[in-house]
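**Student:** Start from the sequences and build out the full structure, keeping to the hints where you can.
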Amino acid sequence: MAHEAIHTDANDASNVTNPEHAQHHIVTPLQYSFVFITLLVFTAITVFAAYLDLHWANPVIALAIASFKAVIVILFFMHAAYQSRLIKMTIGAGFFMFLVLVTMTMSDYISRAWGLW
Amino acid sequence: MSAPATHTILSLPDQSTAKMPKRHYLNNEDGLLSWLLTGDHKRIAILYLISITFFFFIGGAFAGLIRLELLTPQPDLVAADTYNKFFTMHGIIMIFLFLVPSVPATLGNFLIPIMLGAKDLAFPKINLLSWYLYLIGGTLTLAALVLGGVDTGWTFTTPLSTHYLNTHVLTAATAIFIAGFSSIFTGLNFIVTIHRMRCPGMTWFRMPLFVWSHYAASLLMVLGTPVLAIALVLVALERIAGIGVFDPAKGGDPLLFQHLFWFYSHPAVYIMILPGMGVISEVISTFSRKRVFGYSAVAFSSVAIALFGFFVWEHHMFIMGVSNYSALVFSLLTMLVAVPSAIKIFNWTFTLQKGSITFETPMLYAFGFMGLFTIGGLTGVFLGSLGMDIHLTETYFIVAHFHFVMVGGMLMAFLAGVHFWWPKMTGRMYPESLSKLAAVTTFIGFNLTFLPQFILGYLGMPRRYHAYPPEFQVLNVLSTAGATVLGVGYMLPLLYLGWSLKYGAIAGNNPWQATGLEWQIQSPPITANFIETPVMDHEAYDYEWLEKKTLNEVTTVG
Amino acid sequence: MDRFISPVLWQFLTKWMHASALFPPEASTISPYMDALYFFLLLMTIVGTSLVAILLFGFCIRYRREKSPVATQVEGSTLLEATWTIIPLAIFLLVFVWGALLYFRIYDPPTNAMNIYIVGKQWMWKAEHPGGQHEINALHVPTGRPVQLTMISQDVFHSFSIPDFRVKREVIPGRYSTVWFQATEPGTYHLFCTQYCGTLHSSMIGEVTVLSPDDYKKWLEESTSGMSLAQNGERLFASMGCNACHSGNAAARGPNLAGVFGSRLTLTDGSQRLVDDAYLRDAILNPSQHVTAGYAPIMPTYQGQISEDGLIDLVEYIKTLQTNYRIQQTQMTSASDQAAPTTPTEGITPGMVKP
Amino acid sequence: MDSAIATHPHTHETAVHADHEHASLPQHRHHFETEEQQREAGSFGMWLFLLTEIMFFGGMFFAYLLYRNWYYPAFAVASNQLSVPLGAANTAILITSGFCMAVGVWAAEVRRRKMLVLMLVLTTVFGIAFIGVKADEYHEKYEMHHIPGADFSVAQFVNPAAYGIKEEPLNPDMAQKTEIYFFLYFAMTGMHAVHMIIGIVLLFWLTHRAWRGDFSSGYVAPIENFGLYWHFVDIVWLFLFPLLYLINRHPLH
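Protein chains in written order, with our numbering: chain B, 550 to 666; chain E, 51 to 608; chain F, 64 to 418; chain P, 196 to 448.
Heads up, some of the hints might be wrong.
Some chain F residues near chain P, calculated using beta-carbon distances under 8 Å [to be verified]: (1) Asn-349; (2) Pro-350; (3) Pro-360; (4) Pro-363; (5) Thr-364; (6) Gln-366.
Here are the simulated lysine to aspartate or glutamate pairs, EDC-like style, with alpha carbons at most 16 Å apart [to be verified]: (7) Lys-599(E) / Glu-589(E); (8) Lys-382(F) / Asp-339(F); (9) Lys-404(E) / Glu-129(F); (10) Lys-189(F) / Glu-270(F); (11) Lys-189(F) / Glu-371(F); (12) Lys-336(P) / Asp-346(P); (13) Lys-309(P) / Asp-409(P); (14) Lys-404(E) / Glu-138(F); (15) Lys-78(F) / Glu-521(E).
Don't read these hints as lab results, they were simulated from the structure. Heads up, the beta-carbon is just placed ideally off N, CA and C, and yes, glycines get one too.
**Tutor:** In structure tokens:
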């Protein structure tokens, strides 16, 4: 179907009705199964790691593994890897705001013991 | 076209022959169901306008009762807990049921799709759901009121709200929880519409500043409101389970609730003021016939306010025992967030330069906004500086500050917007002289009400007191007098706008000769807004383009 | 003037005008500094608002439609944008620094300050002087000496505010908060609770009476209740059985408390903590988190068994404890006439918690 | 100027004619220019909604972070009362459910109705299995008096040996803080379960529509958006599992 000039599929920024949209990348079940297996493997790893006594490193590893699994799910299961830049920025904004909530509130709790008040 | 009168730019069609367009969004479907199940963003805006006015007058009634009680130092009008229920209801209704939704849900809903050249918002059904959630939230708040009231203050301070009160805290918390989702869905709708449904040629910097400020406010709605939701859920759980994260006797930290609550409630004040700023940009540009001075500066300062708005919440908690060092950080960031507002005020002022200014009612409200918002904003700097906050927090200085910004700023802007777009929404003109009287009355009443409260604040009169030392009485009597004038001032628009629906002059497409896309279509607009998707080929506020368009239109059709 | 206004109204107005206040008196050393910042900020507001107002009215008059029927478009100027970004930012940062200095002065009490304990309870203030004087909704302080208030709430958030001293501090349940002032003018001043705390929030007020030093000494003598806080503390220390473990001799199961106040303790997890009133109070209520290095975490919690006043008495007692002589004395007398109280049994159910 | 239909700014020559050649989908809503724009707007709206969910759960995660640091011994002992096998199995169940949902989205995109319905059914089955395991865990807590509130008892933490629990005894004041752990446990996993139940109800409705063939002729937005929601709920659990179950599992030294 020939589209008139206004509706070019190319990702030109000024084409406002149809800005850089998803490239309609179909993720095959095979790719999904790779992700599936990686998630299961990492669940096993995190459980196994919990039984090792690594002192301060335990929570760090647990969070790292959980974040890695979350990133995989977002990229492949939720197709974020194939979405437009806008969707990626939205995801980024969400986690950024969560980090703002955590770090700035923690800044109060951490520094309570500093001053003599 | 009548001879160009010098004192006004209002150009109405010849009233003897002009009549309302045959088909428009108000009359193309009839019956209650066509309104209650509508997807049309314009009808939802009208539904919101009616419900918001209803709640505004209930909240205003409580304000009146509070001011009556404060006429005398003795607690002689009502009992203590009744007074506490008054100011709690005044706070909850005014903030969650009037200020947060007012401009976005009425003017924003009505205008953003048209200003972007779209047929409707991205998700019409979710827009309707947002109105129903607002209604459920409102009814639950009234239920809490009727069942016996809630006296936690709109801030739900724990451990008071969780362990030491047995009033209807749960009902009120559920009401706000649901009304919060109404705000989230409105914000979500706006962001998607602004990103994905602009007409061809409508780049980001050709959009009106009204849309920019709603975009910034919507970011705050979407990202901030859920944290209030979880704070209220935790309060509710703690009331039910008896143990929770905020109970100091069992190891919880009540300051955690303050953090979670103010994380939303400070961005909430920017949710309330940013849309008002959008209205002011439109009004000042139209009535000075000039493009807003430093368009990109005003646009970026809206987004800057939205971004910085998230980093400053702890200035509500400076004396609550937060660590001195984090208070330093948040005080500095509070100073930074004040700068974009200053940028906006000066940009609006310089828009008037070399303009061709007329003084219709929206412009009067806009000037009222400029003055009062400047005072409100600068008194905010008082409270942002740590030392000053120690003496001024939790006194009437704070009450005066946020009423200057919310009532002087936001409500003035809302009234400016309602009067400015009334012809577009209803096809009828409001009566000019009576509305100017109302604007001046509200301005005088407002100042008489809230300026004395600054002085009371520095004297140290605490907030939420219904009995005070006798030496504060004079200022309180002045404030109550002002409140009555203010009440009258707000009653007038209700009357003459209602009157104008039937008897107002026929407005025609572009009574103000404004440049926005919404002024190029008929008023009231057809349901689909545009016959064909418009193509935006000129900059925002392009008065030369408008000149050219009206010229060749007259020649071709004439 | 009298012919137009009836004498009754005139007399009423004059009474009003005299009786009403417009500016709070400066009754503490910090007040002038606070007022200086206030007047600077007031000046900034007046200048800022009048600048905007003058520009507004000037442009309106100069460029009204009658005088300039056609507007000439102006895009904007980055120079102007820069000026009204940098100048406000500079003023605001100046105010930030000034305010921060004032904040740190008010919320860091000097070491030589005399300490008064304040307990906020739903709808009344209890002031407890170390000498044992107890006051309800009242506070007597001398002029010329820094007074530090160590405050705690027994139920909800309150806020201890003396407008004429320009000080205010939230009184939090579960944790001490402190503020200090040095009164300058003898007289009586308002005391308000400014954090909404329930039904009778507006009647949780009181009087702060400032006396000259010798009047203060006279007041102290005639209003003493006989037992100083430390003496109450000693009685509690014995009756709660603290001396069984904290007996001060070498083989004691609890650490030696003589002279512990103000020292730096190393805990079992190796962290170093300064022993102040907050630490002592927490150690009594949550002992397992404050176990001194080298001791077993066997101290039972007293959460819910000692009121805030009792905790204040115990903290005051431990502060004044320089030697263990008193402890050993009380231990011998209690051991001789009846069996030493056994340490409370382990199964302390949390149900004992007072609301 | 008073013509009934508004005059329109036709200054732009190449104003496009709205009707496209190919037959537009029945579900193409009038106010969108193209289906592509509608689908883009749909997924962008869904992501924004997930943003609110991130901030919603974020509040609780922060409360967890704060109290875990304040009362670490209580959190460690209380966390050890949860059964890791059940938790790990639940995580696997939810990951499988997520996998089935992803394949379902694929089936919808390649318009295979039967495969789509099968995958949706499998997703629902695993979802219900997850809720079942959670219900069993909650019941076990009920028996052990670990539900915060009136009948919460710290006896098991004060002298665990008497209850056959291999844990170091906690001081009574620290033992009392385990109630905060269990409050957070029930608040977070409860809120997560509520989101799962909402998802399962939506799944029944979507499976019914998929069986009717709504989503196998090119219109896949509901399946795609529900997939986003389901994967988000899965991600929340991916964080909840290690943070709540695996605080301090290494054996006593």
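**Student:** Determine for every hint whether it applies to the structure shown.
**Tutor:** Hint-by-hint comparison with the structure:
no.: 1; hint: Asn-349; in the structure: holds (5 Å)
no.: 2; hint: Pro-350; in the structure: holds (6 Å)
no.: 3; hint: Pro-360; in the structure: holds (5 Å)
no.: 4; hint: Pro-363; in the structure: holds (6 Å)
no.: 5; hint: Thr-364; in the structure: holds (3 Å)
no.: 6; hint: Gln-366; in the structure: holds (6 Å)
no.: 7; hint: Lys-599(E) / Glu-589(E); in the structure: holds (14 Å)
no.: 8; hint: Lys-382(F) / Asp-339(F); in the structure: holds (9 Å)
no.: 9; hint: Lys-404(E) / Glu-129(F); in the structure: holds (13 Å)
no.: 10; hint: Lys-189(F) / Glu-270(F); in the structure: holds (12 Å)
no.: 11; hint: Lys-189(F) / Glu-371(F); in the structure: holds (11 Å)
no.: 12; hint: Lys-336(P) / Asp-346(P); in the structure: holds (11 Å)
no.: 13; hint: Lys-309(P) / Asp-409(P); in the structure: holds (12 Å)
no.: 14; hint: Lys-404(E) / Glu-138(F); in the structure: holds (11 Å)
no.: 15; hint: Lys-78(F) / Glu-521(E); in the structure: holds (11 Å)
Checked against the numbered hints given earlier, the structure satisfies every one of them.
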